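A.B. asks: Protein sequences, first through last, are from chains D and Z. So for the first sequence, the numbering used here puts the first residue at 1457; every next one is plus one. So for the second sequence, the numbering used here puts the first residue at 263; every next one is plus one.
Calculated from the structure, these hints are not laboratory results. A couple of the hints might just be wrong.
Here are the computed lysine to aspartate or glutamate pairs in the EDC-like style, where the Cα-Cα straight-line distance is at most 20 Å [unchecked claim]:
#, chain 1, residue 1, chain 2, residue 2
1, D, Lys1570, D, Asp1482
2, Z, Lys627, Z, Glu610
3, Z, Lys627, Z, Glu617
4, D, Lys1459, D, Asp1510
5, Z, Lys409, D, Glu1580
6, Z, Lys627, D, Glu1580
7, Z, Lys314, Z, Asp296
8, D, Lys1459, Z, Asp501
9, Z, Lys409, Z, Asp422
10, Z, Lys409, D, Glu1504
11, Z, Lys409, D, Asp1552
12, Z, Lys314, Z, Glu300
13, D, Lys1570, D, Glu1487
14, D, Lys1554, Z, Asp595
15, D, Lys1570, D, Asp1481
16, D, Lys1459, D, Glu1555
17, Z, Lys627, Z, Asp595
18, Z, Lys409, Z, Glu291
Fair warning: this is a prediction, and the values are worked out from it, not measured in the lab.
Residue-level listing of the chains:
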Amino acid sequence: MAKYLLLKHYRGGPVQHPNAVAPMDDWTPEEISEHIAFMGAVADELRERGEFVDAQALAFEGEFVRYGGEGAAPVTDGPFAETKDVIAGWMIIDVDSKERAHEAAARLSSAPGKDGRPLHEWIEVRPFLSHAPVVE
Amino acid sequence: MFDDHLLRDLTPQVLGVLVRRGADFAAAEHPVQDALVEAVRRWDGDAPDDPKGWLVTVAWRRFLDARRSASARALREVAVRRERSPGPAGQADDTLLLLSRCCHPSLTPASAVALTLRAVGGLTTAQIARAFLVPESTMAQRISRAKRTLAGERFERPGDVRAVLRVLYLMFDQGFAGERRPGDADLAAEAIRLGRQLVASVPGDPEAAGLLALMLLHHARREARTDAAGELVPLALQDRSRWDTAMIAEGVAVLQGALVRDRLGEYQIQAAIAALHDDAACAAETDWPQILEWYDELAAISPDHPVVALNRAVAVGHVDGPLAGLRLVEALDPTLPRRDAVAAYLHERAGNTAEAARRYTAASKTAASAAELRHLLRQAARLNRAR
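Isolated chain Z (complex conformation) (with noise of 0.2 Å):
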């Protein structure tokens, strides 16, 4: 018996075994489709000893057929060229190859993510539009914008890693901070699966490892990260008990075996930041010293970065004293986003209740979220209520 996710994982490696023996894009992605359709029906729940090589064969020859039909309707007098020579199915790297065609830097991150979703991890247009609430003509021509700005180019070498780790960490960001409906395609399970491939046809890539334990590392908190009535609970105030052990086990595993390449970026730094939270058994026992050092690394590495520099103040404030992660936070530009909310968070924490409150009322009126607003107001109100 074999399930769709069989299908769902095979499909962007038959994709990119297409496109790579020189199929375009677009064009591509019917004759998969056809083979899955075959798939469903002819392997009757059983899939062959082989079922890539299968489908591989069947889309190709669908491929062939379609651009045959096509270019006798167009060119009929033109003689049909010499096929390209099929190259070996079975390709590791073919995953590669689609995700970083789809991860383009042509295209803008939001086509990007679309496109990525649509070709590599196979949702429909209507699941898409629904996780970014817009209508489905809208995505439907948001990704076929993007299929054609990728038209006519030739990937034949995967593109670069990091474009694609950039797209992910995107996807799961509005997949895991967004509000999901019930039978809502999960953005942020669907970013670590197609992690987890890209992680194995790079294995050597220690920030394609690092962004994937950064995924895992705060997907094990999601749980944790909203109340009953659906509110957000800040890291501190988390219950700790409901954060999945197993899967902070596995994106420790998986960052060490990053960390011990020895080339350090700034995935695998957040994700030994948040593998710290993750290993605190409550918030008092965070080992902030060690979080500081890693927040020295990633400034060093993005010395111009402000919400890096923002979140240092805020480790700084835990180590030497909210007095001097104030001092941080009021060098950086006013108009920094959570400015006034880690202000807030240090004055407090230094007595300067009266002020926190004003810092926290200030920061409401900037927040980008409505559960960070209602966070920020609650905190006001708990401070001014306590003078």
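Chain D on its own, in the form it takes in the complex (with noise of 0.2 Å):
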């Protein structure tokens, strides 16, 4: 079994597909909420098959923030217009294979977004620096 992080973007990554171009405040809220049902539903696949590990959704706006030495206050940058990728939330699955992994990935990736049409968004997939074989 090895861990992947699914990692779900607002922005950035390649260029989206048609159906994952229209900004969600373009959708029904009817659009949204069916959205929201289908990652649920996902979870819930993933729990049933012995597969689920975490998942989280992330406010859209944060700052960076940086140490600004001895005695001083943080340091922070942003939030930051439009140029820079925004992570949107994350899944963590621990599961048999890569393909797996993958085929999880395309499956959240289906969900439905405007005119109820699947998103075919890109999900980054992200294997977890696991241990290290015992056999030298």
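Since each chain sits alone in its own frame, please combine them into the complex, following the hints.
C.D. replies: Written out as structure tokens, the structure reads:
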């Protein structure tokens, strides 16, 4: 088994499929509800398969923060205008293979969007660093 | 006075008897748990003369009671069908029966490991979930799916020992290398415990003994494998005084018992290689020519296994010189994990410091573990400073 982080982005990543271009505030409230219900259903499928680890959604805006030096306040930057990549949330799964991780990501990406059509949005798939193998 | 090891060792055997008598796997688990609870209460510190027989009797009675009331509820009008006559208790191969059921090839490896830990190892779902760093509900679901996959299949004869070996090996790997927090179950020790039980029930199988030897010979080095800061220490730099010599001696004895049967297999060969490393008082005394001979055997039985070819290249590098090893490495698939790390190691031995540093950096990009990543970056940094 290996853990994978499935990252959903608000912005960033490769060029989007036409179905994923319209921003969410152009959808109808029902379309938004259906999209969220689909995400919940996919999480339930993963729970039922014994593959679910965690899922969290993030606020759209946040700031960058760094150490400002001895005795100084933390330095902040942002929030940023349209150019930066923004992570919307993540799901962590524990699956038997990379192929299975890709299958789960593709399932998430098929969530309905505007006009109920599958979004085809990009999901970033990142393997966790795990443990070193036993046999040298 | 009895300890909980006795109950833990007897649990799979009792479960095995019920399964052999025809109980459904999932349905047998509760009566066995009931019998254990009853034992803790009734034995009052003193086990009966035949604790296993006692547990089997109680568990079987509970199983029949449960089945009768379930069938009475569902099919009141149908006559209770005749009970199967109970088979004798006390056969060693019940452990194998149960293990091979939990390691059935229809299960994914991860499900088989989880089910084995639950049903044979007697660990709780919460303990197993912690060991795999997943929520308890996820692990509960994984185990119950595995049971559903097996439901309805009858296993009166043990299945494939090979499948059991593979699952125990994966369990050991997870427990040995994974990070363990205080209070966590020790999956490596559990795999060794189950390995001993398996060897006892199939004493004539040299690969079962080979796997047990392999696990012991690696487990013996466990303390030396990480430093005080928790960082990975490569074999060549380990403090060999921290190796467990008693465990090495046991592993070697088990391996010798297997090798005399003259039916070689991959676990025996890997154990032989581990034994040769364990036998060297320092890294410089490692008997590389003999290790290379074992790798040749391994390559002969797994000719298309790229990891075997990569590890063999390290041995060739020590026996015939780093350039000979490098020629083999460069012929392997460039996407093979650890290929750059092995190339870097051999380049450094050949004196190509700059190329070694470059390859260590490249290897760090595809490292599979955090400890390995840090180790490779440190190697690259060390060589970059030396230039």
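A.B. asks: Work down the list of hints and note, for each, if the structure agrees.
C.D. replies: Status of each hint after checking the structure:
no.: 1; hint: D:Lys1570 / D:Asp1482; result: holds, 8 Å
no.: 2; hint: Z:Lys627 / Z:Glu610; result: holds, 19 Å
no.: 3; hint: Z:Lys627 / Z:Glu617; result: holds, 16 Å
no.: 4; hint: D:Lys1459 / D:Asp1510; result: holds, 11 Å
no.: 5; hint: Z:Lys409 / D:Glu1580; result: violated, 33 Å
no.: 6; hint: Z:Lys627 / D:Glu1580; result: holds, 18 Å
no.: 7; hint: Z:Lys314 / Z:Asp296; result: holds, 14 Å
no.: 8; hint: D:Lys1459 / Z:Asp501; result: violated, 32 Å
no.: 9; hint: Z:Lys409 / Z:Asp422; result: holds, 18 Å
no.: 10; hint: Z:Lys409 / D:Glu1504; result: holds, 13 Å
no.: 11; hint: Z:Lys409 / D:Asp1552; result: holds, 18 Å
no.: 12; hint: Z:Lys314 / Z:Glu300; result: holds, 13 Å
no.: 13; hint: D:Lys1570 / D:Glu1487; result: holds, 6 Å
no.: 14; hint: D:Lys1554 / Z:Asp595; result: holds, 19 Å
no.: 15; hint: D:Lys1570 / D:Asp1481; result: holds, 10 Å
no.: 16; hint: D:Lys1459 / D:Glu1555; result: holds, 12 Å
no.: 17; hint: Z:Lys627 / Z:Asp595; result: holds, 17 Å
no.: 18; hint: Z:Lys409 / Z:Glu291; result: holds, 11 Å
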